[in-house]
Amino acid sequence: MPDTSTTQPRTVQDYIDERPLWPDGTRLHTFPMTKMQRRIWMLAAAGKFFEGFVVFMTGVALPLIAREFNIGPAQHGLVSAASLFGILIGAVGLGSLSDHFGRKSMFIAEMIIFTAFLAAAVFCTNFTSLVICLFGLGVALGCDYPTAHMIISESIPSTSRGRLVLAAFAFQAIGALGGTAVGYAVLVAVPNLNAWRWMYATAIVPALIVTIGRFYVTESANWLFSRGAHERATIATTQLLFRKPQYPQNIVLAQQPAAAPGHANGHSGGSFLSLFSKRYRRATILASVPWFLQDLSTYGIGIFTPTILASAIGHKAEHVRSMSDLIANDILAARGAAMITLLLIVGIGFAVLLADKLGRISLQVFGFFGCAVGLFLASLSGDVTGSMKIVLIFAGFMLFNFMTNVGPNAQTYLLAGEVFPTAIRGKGAGFAAAFAKIGAVATAFLFPILLVSIGTRWLLYGLVISSILGAIVTWMYRIETTGVNLDHIGEAASEAEESKAIA
Amino acid sequence: MAGRLTSLFRKAGRAAALTVAFALFSFAAAHSAPLTITETGSTLIYPLFQAWVAAYAKVVPDLQITVGATGSGAGIAQAIARQVQIGTSDAYMSDNQKMANPHILNIPLAISAQTVEANLPGMHGAALKLSGPVLAGIYTGKIREWDATPIAALNRGVSLPHHAIVPVHRADGSGDTFIFTQFLSFTTCVSGDSDDPSCNGTWANTIAYGTTVSWPSVSGALAASGNQGILQTIARTPYSVAYLGGSFQDDANKAGLVTAMLENQDGKFLLPTAATVTAAAASLTPRTPADERLTLVFAPGADSYPLINYEYAVVSDQQPNPQLASAIGNFLLWCISPQGGSAAGFLDPVHFIALPTAIRARSEIQIAKIQ
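Protein chains in written order, with the numbering used here: chain A, 1 to 503; chain B, 1001 to 1371.
Careful: at least some of the hints might be erroneous.
Not everything, but these chain A residues come out facing chain B in the computed CB check (under 10 Å) [stated by the list, open to error]:
id: 1; residue: N70
id: 2; residue: N194
id: 3; residue: T238
id: 4; residue: K244
id: 5; residue: V320
id: 6; residue: R321
Derived CB-CB ranges, DEER-like [stated by the list, open to error]:
id: 7; chain 1: A; residue 1: G455; chain 2: B; residue 2: T1285; range: 53 to 59 Å
id: 8; chain 1: B; residue 1: K1142; chain 2: A; residue 2: I465; range: 38 to 44 Å
id: 9; chain 1: A; residue 1: I465; chain 2: B; residue 2: T1285; range: 50 to 56 Å
Derived from the structure by calculation, the hints contain no laboratory data. Because the structure is a prediction, the values reported are computed rather than measured. C-beta: ideal position from N, C-alpha, C; glycine also.
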């Protein structure tokens, strides 16, 4: 292949974004992924798969664990809190460490943490050890929110970034379906209290293989470049873009310009506080607030989940009277979880197809409005009885789930890892994930109180407003990243903020 | 030297002959002595078990059965520890106990009811209505007087005394406690989902159920061991209330206690009668699993009395020898047979009912596993 890439120094992303030339000088129409790009994507997607697998399997395992360890209602709260607290620590703490230690280090570390706590969970003997294991799994999960996104998006062409990041994200839903299916199968095969240990055990060996595989990926050349590690960045870019015949043959990286004061795209990395500086405030708001609002309405529609599941797959036993009742209820719950996950997969499938075509912002705005309509339809169910009530609940529930997954659920994740410059991308994406989870925790505690004090209808009206607010915030603070080179995304964010300030 | 050796051989020969003779005597004695089965556990089934043992002695005279009323918790524990051949219990083994001891069977022998008795001077024979939430209120100390609004609301037209309630509970590990506290749990968290916000702060979500629980501290509350102890305590304590095994119902009546009508799932207030206990058992027969560990408390159905349970024999399926295994199996088969221990002549006096046919068949399958 003739190599035109050596004519002038460029950034890492410029090299990644360049379509290779045939020996006759014809440029390829597509971006065939290199072996290393495929490996990185597959290992990130596999991580997502196991996260979904274990989280949903825990949902199936928990009733058995609760019975074995005699976990009371108060301790039930601690079990949920342990996972959420782990996600918070993982997203903010470990996720942001990837700005300092590199994407690959945290990519490996999170999977080691995940596998270790997964293996430990199999041998839990009491409530305390279980809480520790769930916290550990939460830490790994939280760390993966920004890390998996960054390691993919910093290794692939800008034009397919949305599609490939979301396709990996979709593996979380596929993993969830797999986890539910394996949980179900184990329950049927081993219908006793020990079933939950077998469930966790099924994931250990595959998780170990993924962990080992992650040692054999290159460090993010974009991150090395942003840190000023020129030589290592050049080697990493060469390894990343290794193909036969080799293209580009000679990689000459441009000198990274020194960071301006308060800017984080240079070597300094920037502190957490820089996320709230004038330059990055817009990106921080766009990444965090809509995600928070999306989590809020997801909890809201959850009010109807028991009704939907009871109508679709049958009622649970009114009281658990025997181990058989417990297993039967758990099997029903697993089927319900599988049904909800299917909706998730369909929605995200559309998001994968549309993200790079229609753009993140328009999909997020459209999705938020669709969620508002879904919530409004569900709120109307309070005025009617009989079959019409079920029709309205179903229509609202299905519309909400489709629209949130094609829109805010997928796009908030995508945007959070794109709108910050490379040097503070870990901190920014980690903060956005943590902020959304704080919202999730707060709503989990507040919703039962609000349901009693203002009732379902007004609560849903409130969520209709919050969904519309999500659309408005997305539009007001929009930073369209579709097809934009990662090197220019930080500029886009700051330019937009500056032009707003001037106006 | 030779004489000493000869003497030594003679002594050794005599010792050997004695040893052989003793061994032969022991062997013969062992085979001629009657087999012995020991039972301990539930104080609720104790009166029935005494009647069974007396009657079975006429059926199999060579078998000796000793009985003990030590409470269901002790019955299960001693059966697991192989200190007795049959442990009896009003509650089935916990899941953890079952998982740790998969060879221990839980075999229903009959169905019993539990009553709630109150010592209300001057009200003997009156109809007293109580519900699970009201009893939970009494046992948590939130309802302190007999004429408190929640009790009065259930008993319109009944003149209730303005006097402090004395709640009485079991001090020992008890299947009765399991049944009663499960009733309080099921009725205070009707959805059965501990994550349901409406269950926050209820008995189900704070104290829950078991053969022993952390009883809330209530001023004046009393504790007693065994059903006999409970009966004696409430009989001598005016304005007290307690849960009592159904086999003590006649004694409770003689003591002038008031048996409460309890609210069932359909909101009906019922007394434990053969009809209401049978209706409750029938409603849950289809849900009884193969290992028969199932609670019958708060059974669905308009005519179901809410406090009933299977009375279990807790037995290892691995006995030391085939003779003992066979003796235990035959005795248990006789207990559940309508022509044997489950005849009305045995069950009616203690207010038990026989197992439904489908459940008896399951018990027979379990008994066949004893080897």
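Each hint tested on the structure:
Hint on A/N70 holds. Least Cβ distance to chain B is approximately 8 Å, under the 10 Å limit. This hint holds: A/N194 has a C-beta 7 Å from the nearest C-beta of chain B, less than the 10 Å allowed. A least Cβ separation of about 54 Å between A/T238 and chain B goes past the 10 Å threshold, and the interface hint is therefore violated. For A/K244, the shortest C-beta to C-beta distance to chain B is roughly 57 Å, which exceeds 10 Å, and the interface hint is violated.
Annotation: A/V320 was flagged as interfacial toward chain B, and the flag holds, the nearest CB pair being 7 Å apart, inside 10 Å. For A/R321, the shortest C-beta to C-beta distance to chain B is roughly 5 Å, which falls under 10 Å, so the interface hint holds. With their beta carbons about 41 Å apart, A/G455 and B/T1285 fall outside the hinted range of 53 to 59 Å. A C-beta distance of roughly 40 Å is found between B/K1142 and A/I465, which places it inside the suggested range of 38 to 44 Å.
Remark: the range hint 50 to 56 Å for A/I465 to B/T1285 is upheld by a beta-carbon distance near 52 Å.
Hints 3, 4 and 7, counting from the list given before, are not met by this structure.
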